[in-house]
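Number of protein chains: 2
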Amino acid sequence: MSFVDWFDDYEDRDWQTTTEGTVRYALVGLGWWTTEVAMPAIADSEFGETTVLVSSSTEKAEQVAEENDVSRGITNDDFKDGEASEHYDAVYVCTPNAYHLEYVEAAAELDKGIICEKPMEASVERAERMVEACEHGGVPLMIAYRMQTEPAVRRARELVESGFVGEPMTVYGHNSQPLLEMIPDPNQWRLTPDLTGYGTSVMDLGIYSINTARYLLDRDPVAVQSILATEHEDFEGLDDERAAFMLDFDGIEMVSTATQNGQTDSQLTITGTEGQVEIRPAFPGTCRLHVRRGDQSLDFDREEFGAVEEMREEFDYFADRLLTSTPIKPDGEHGLFDLKIVRAIHEAAKTDRSVAISE
Amino acid sequence: MSFVDWFDDYEDRDWQTTTEGTVRYALVGLGWWTTEVAMPAIADSEFGETTVLVSSSTEKAEQVAEENDVSRGITNDDFKDGEASEHYDAVYVCTPNAYHLEYVEAAAELDKGIICEKPMEASVERAERMVEACEHGGVPLMIAYRMQTEPAVRRARELVESGFVGEPMTVYGHNSQPLLEMIPDPNQWRLTPDLTGYGTSVMDLGIYSINTARYLLDRDPVAVQSILATEHEDFEGLDDERAAFMLDFDGIEMVSTATQNGQTDSQLTITGTEGQVEIRPAFPGTCRLHVRRGDQSLDFDREEFGAVEEMREEFDYFADRLLTSTPIKPDGEHGLFDLKIVRAIHEAAKTDRSVAISE
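Heads up: the protein sequence lines correspond to chains A and B, in order.
Counting from 1, position 185 in the first sequence corresponds to residue 185 in my numbering; the numbering is continuous, with no gaps.
Just remember that my numbering sits 1000 ahead of the position in the second sequence, which is counted from 1.
So that you can see chain A by itself, here it is in the shape it has in the complex (with noise of 0.2 Å):
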């Protein structure tokens, strides 16, 4: 491939394999990452319509409806219940963590097709029960890990594949916000236990690292260490307020580092015996590509390409698969992985040593 081809060709859907046809969404769970980046990418999409918004309250669910142009909005119980099914074909769910479980099941029930936000449950036995329901429902169960139809991301891999880096000898994974900067609320589901699951920081940022380093190496760690710490008294039954993890890749070692009370940064480095790619920002929604091989490097700078266009692209990507009635990736025991890998972190950090991860 020419340089000027890989350029233009950069943003290229690779994966995309219709042209034709419309998937129905239902919305479940409308905090600011639904309302705020999942509709207006669905709206800016080839593929998606929203249909049908489902919150705790037929008042919430009708106002957030009428303010976004969506003919229905119904609650939780309703929708669990089957009501409006005819008018949607797919459920995007992003609740709180230890949510997503109920209304998974709920539309493996309802024989819809599914897109779960990212981790998929709030503990390794949740995430089993959800792929055994869809596995049960027959019907399919995209985790929504966006990075994997990011362009800098798909690039990045092709990158890694093709032997630009050589050998990856080495990676580096960071995700660091300042949350209660983001959101003044000490009681968020994000800080609540019960609601996020095993902790916070690897769960909600340590997790964009670990799958992003999945996806660009094409392989899986088999063991974990690590080292948590919480001081902040609004994190209090949380052990992570500040994470630092090493992924032992059997081959490939990566250290990491995420915080929910820190600086917003975000990095993901793998470094070659001959070269080495980077995305930074990596995770915040403008991904931005840097390679360096020997004493050459380049960067590459996208305008416009935001987290509304990152869910847009996975949103299409899901659609195109299940217009096409093929197999979606990442799928529930993609997703199931990731949890392992943090209940792992997790172990390890109260025992102070290396913990493997069990299949």
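Heads up, a few of these hints could be off.
[Unchecked claim] Some chain B residues judged to face chain A by a derived CB distance under 10 Å, without partners named:
{"no.": "1", "residue": "T1170"}
{"no.": "2", "residue": "F1245"}
{"no.": "3", "residue": "E1253"}
These are computed hints drawn from the structure, not numbers from a lab.
Don't be surprised by glycine CBs; every beta carbon is placed ideally from N, CA and C.
Assemble chain B onto chain A, guided by the hints.
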């Protein structure tokens, strides 16, 4: 301090206490670092003068002396016997790690000031003997961590001290180079277990991340965890062709990677609750400072400040302290602690668990 002052004073020698005097050096070990970096640095320095070169053979010592306009070239044995000792005031030791001790011991016997390259020796035990020899001889010993007189690193330290990053939360240090491309000799000392000591990537590269983090945070780690691996045949007998390790600074967590078989790169990043200080490149002689706080960032570039300039600052700092008979940091105890960290990193990799760093 105004921003203009900060800019203009960036390279100020905030450590300087005198403007008079000369320190005459004997340089022991005439590898490329000595001839291409240390010697030009001393020539460019305010207080230094190279008067004696010391090497394995009379021929080599005299040849290098002649090529560099130095008046005397003597052998290692001559040096140990005190030959020409009236012609130098201080000794710079830049041999393979495992030879440092014998030259420091000889210099201490001769009552000379000593600046010894890092890591200070091949093992904790030998480093302890070095500290004892200098204490016994009553001579000053500085370990040549040139980052501690690097203007970018000193400014970064000031920023951390002044609260620019808020509370430091996580640290990342990385250092990689393609050693066998730089020095295409599988029998070089850095790949020879008896000469390098505890492996190669942590001893030779990781030590920059470790020591610079200690300096920037002004605290020491209490425990380490690590994953080390070797595959390349030229690294036989060494356990860390590549290394991933975590340092527990008792309230701040650091993750780090290093490899002697990787694309050249280096980075030292401290992420705090309110900001970030980063040096990248960090260690190869062209430190660039990057700072971020909230949604603002600043990248500070200097031209023409490479390894020679870094070594010049270090030699002049050493000379300043020697000429004024004041204590020199980083001293032997400081360097010894790094070797305890490195030893613990190698122990941790064998046991797959956290290893406390013994005082």
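Results of checking the hints against the structure:
Annotation: interface hint on T1170(B) holds; nearest CB of chain A at approximately 4 Å, less than 10 Å. Residue-level restraint check for F1245(B) holds (minimum Cβ-Cβ distance to chain A is 8 Å; threshold 10 Å). Because the smallest distance between the Cβ of E1253(B) and any Cβ of chain A comes to about 4 Å, under 10 Å, the interface hint for this residue holds.
When each numbered hint is compared with the structure, no violation occurs for any of them.
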